[in-house]
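**Q** Listed in order, the protein sequences are those of chains S and X.
Residue numbers for the first sequence follow full-length UniProt numbering, so the first one is 1 and each next one is one higher.
Residue numbers for the second sequence follow full-length UniProt numbering, so the first one is 1 and each next one is one higher.
Read the hints as simulated data drawn from the structure, not as lab findings.
Some hints could be false.
Computed Cβ-Cβ distance ranges for the label pairs, DEER-style [said to hold, decoys possible]: (1) Ala68(X) to Asp17(S): 15 to 21 Å; (2) Lys145(X) to Arg181(S): 28 to 34 Å; (3) Ala148(X) to Glu99(S): 49 to 55 Å; (4) Ala68(X) to Arg7(S): 20 to 26 Å; (5) Ser233(S) to Thr10(X): 26 to 32 Å; (6) Lys64(S) to Val109(X): 30 to 36 Å.
Heads up, the beta-carbon is just placed ideally off N, CA and C, and yes, glycines get one too.
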Amino acid sequence: MKEYIIRLVYVEMLGHDASFGYIHAVKMIHDDSLLVKRTGYLAVTLFLNEDHDLIILIVNTIQKDLKSDNYLVVCAALNAVCKLINEETIPAVLPQIVELLAHPKEAVRKKAIMALHRFYQKSPSSVSHLVSNFRKRLCDNDPGVMGATLCPLFDLITNDVNSYKDLVISFVSILKQVAERRLPKAYDYHQMPAPFIQIKLLKILALLGSSDKQASENMYTVVGDIFRKCDSSSNIGNAVLYECICCVSSIYPNPKLLESAADAISRFLKSDSHNLKYMGIDALGRLIKISPEIAEQHQLAVIDCLEDPDDTLKRKTFELLYKMTKSTNVEVIVDRMIDYMNSINDNHYKTEIASRCVELAEQFAPSNQWFIQTMNKVFEHAGDLVNIKVAHNLMRLIAEGFGEDDDTADSQLRSSAVESYLHILGEPKLPSVFLQVICWVLGEYGTADGKYSASYITGKLCDVAEAYSNDETVKAYAVTALMKIYAFEIAAGRKVDMLPECHSLMEEFLASHSTDLQQRAYELQAVIGLDAHAVESILPSDASCEDIEVDKALSFLNDYIQEAIEKGAQPYIPESERTGMLNISNFRNQDHHEASSHGLRFEAYELPKQTVQARIPPASLASTELVPVPEPMYPRESYQTTTVPSVSSDAASTELKLRLDGVQKRWGRQTHFPSTSTSNSTSLKTVNGITQVDGSNTANSRTRETYDSRKQVEISPEKQKLAASLFGGPSKTEKKSATGHKSSKPSSHMVKSHAPKSSMEVASEKTSVQQPPDLLDFGEPTVKSTAPSLDPFKDLEGLLEPTTQVSSAVNHSSTAAVTKSPDIMGLYTETTAGAHHKDSDILSGLSNPPMTNMVGGTTTMQVAQSSKGPNLKDSLEKDALVRQMGVTPSSQNPNLFKDILG
Amino acid sequence: MIKAVMVMNTQGKSRLAKFYEYLSVEKQQELIRGVFSVLCSRAENVSNFIDAESIFGQDSRLVYKHFATLYFVFVFDSSENELAVLDLIQVFVETLDKCFQNVCELDIVFNYSKIHTILDEMVFGGQVVETSSSEIMKAVEEISKLEAASNAISLIPKSASGWRSR
């Protein structure tokens, strides 16, 4: 039997159904034979879960076995307790387990503690009175039991730090004893004294010491000792070191410890083992919060990790980059992230990295232009994975500008957005969210700057609606955009002539199955029929940022309601009030009773309330808000009640819920489309035309704040310092940081070298207008390379309508210039010439547009690296040394599996 | 805490799977397959750590180690230290090695319950309780000794009852 059960467990592990044998496993635990009983327990813990039906049969046996004088039986029962006892059965076994805490066998004590810990995890309240037991067990004679006690204490301290501050001293003294090898030799592991206990203790100390100076001061000595004693050649030694770093980065900072932590990190990063690099990157991410300057020493190593084929390491590195992003390096980092995002297929991680890109871009964007371009890239590649909110944010940003009182900048921003979108529309498959943004922007600002005719934009919009004919939302956005454009045209007094394809599209939509689409199409038709004045008041141009006041109480409907009520309609009863009342009415109407009461009701039916027929004056009712208002009960005719919102439609006696939904949906739309009124009645339209939802307004002001703060950050001296250090030039700090910052802009324009003429036009115009001097500045250290890049710009200046040829030439020359620059800089700092060639190789290999941007930017990591001459050389030398020695810390046990290897 | 311990061979057959939080059999299989597909796509000489959030949900990491034909996989959350878990795998394998004198895949298949006993001595309810391989060995040996003893005693009444029923 025993063998069968074990086979059964095995079979289930392989993924087959073994539920027929569960009962046999349960029977086995009743057996007297220890072997059979233990096997039974094993099978039961693997088969069943705490809510399984068979648990009832087990609890009694467990109770009996916990009292057994054979400690193995007790252990087996404790094992089962951990896995199978649920909240309700905890009281049944709790007293016995508490007794077991004093059991002579340490194995039993250990497991009893763990069982209590498990109970604590399942329901903290059930064992709250036993917490003191954990403290007592900390002083257990057996180090194993003491070590096990640390697990529950760790959990307890995580939840509530303050009540355990008194234990700091004892933890420190335990850690000291462990580090001084006072424990039995059996706990040594690879010549480390009880490393697992050390790790646990360090974790606990990190919790206790965080932002507590006094507690931290107690720890400094012992942590410093461990730093010194740790042997970094073994894996476990590094594990303890890593934990020390975590502890140091979490407790109140101490310069000396931070220094040794930084040392340890640099050792990790320089090692050949990927595991250690991973830990190093992780540790760096922790320490960087306290002392950001550490990162600079390790930039090269970090970049190496980014290039590493190991995916885990790469992700960890991106996490680190995410943490160390500042306004100065955001462009490089986000570009890198987007590149990486394009290269992976894992949707889970793609979503995460996309949201991080968005977050960073929102927080640190150096310019609106850059922000929009970045968002475009993110949407293009991961559009379906991005939160819809991000799209709304982008729309709002374009609509609002950056909150400065500079209308020209805003309109420039908008027209550049329009252009980039018109260009992007040419690409085949775009994500729905992105299309929505595009449609909205085109509708709102497509014709604003007068560069494009209405017919051109509308043609594009029709194309979109046709190309994505199975996406209703996109079509709806497109129709609304069409409507807006026509409205602007009419308002401007121009004659509107609909394109033929637009006509056919409208006809299709008028007969659409989607009511939403249909309605929008009808609205469009209606708007076109109106005269200029009416249209302007319905859809004022560029009004998306104006406030719309939503009259939640619907006070304008009061008269109508009063009228309806006087005619005998029932007042509105809020939904919350309705359910109980329905029950009562069901209770009375036997017919309805069975249909609707499916579940059992345990509480008694509430008494039918006295129907307070004293009608509340209808007027006051109507003027109250839609939501609360306790209402009197109206038993019988409850299903005939009118809703306040529904009054606006037709008859006053229809199903209440349906009507409510419809109304809410219409209004929900408003938040997405502040300036477009999509509701049916014209009376509503005029209201909406002037008003807006409050929520978006407050949000707007928030973004404004963040951007303002960003502006301040930009000027900070910190940035100038970093820029200087990145460029490696000791002098001219200010100038260079300025040029470096600006010069990144033209290159980001050049990114769009394959843009159609139209979009190129503005980009090149801009660069030619503002950039040439900047470029010159940028080129100062590299005179040769700037010369060719300058000429095409001058050409461009002359040309009003540059051809794509020229623009691509510009691009080429600029990339050439850029790829050259590191070389020249390499000569500049001759010591590391070899390394520079390597860098420039990387660059030319990756000379896709984002990379050129990177070199242009202030924050060029790589240039930064190359400028850090001696550091790089050192590390390379050390690397080579390590390779020569052939030290590979991968500690596989060569004896293992020898026989199977043959 | 440790969420799961798995041992699987290089063909993706699981040899040991223990989950410390209850999961249905189907879910377990799905996870095992997911883990295997990640493992076999990894090159040699890369780190032993994998970010397992896409398989196991929020806050989960995975550490694996490859021995001959077997992958040893531990899945755990942020309260453990990756390098330490890597060494925990080492302890586990060392203990197996001591127990079976040059352990191989077949030992694990044929001594399934003993493997579980060893693992239970090390990891209990998702927490690491014992990390010294000699201590674990002592406990396991004692258990098997007592089990054998109790078996010998219970043999007699069983055979007697067998006689009676005949």
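**Q** Hint by hint, note whether the structure agrees.
**A** Quick rundown of the hints versus the structure:
Checked against the hint of 15 to 21 Å, the pair Ala68(X) and Asp17(S) fails, with Cβ atoms roughly 31 Å apart. Range check, Lys145(X) to Arg181(S): Cβ separation about 32 Å, and the 28 to 34 Å hint holds. Range check, Ala148(X) to Glu99(S): Cβ separation about 29 Å, and the 49 to 55 Å hint is violated. Distance hint check: the CB atoms of Ala68(X) and Arg7(S) are about 25 Å apart, consistent with the given range 20 to 26 Å.
Here the CB-CB span from Ser233(S) to Thr10(X) is close to 30 Å, well matched to the stated 26 to 32 Å. Between Lys64(S) and Val109(X) the beta carbons are some 34 Å apart, a value that agrees with the proposed interval 30 to 36 Å.
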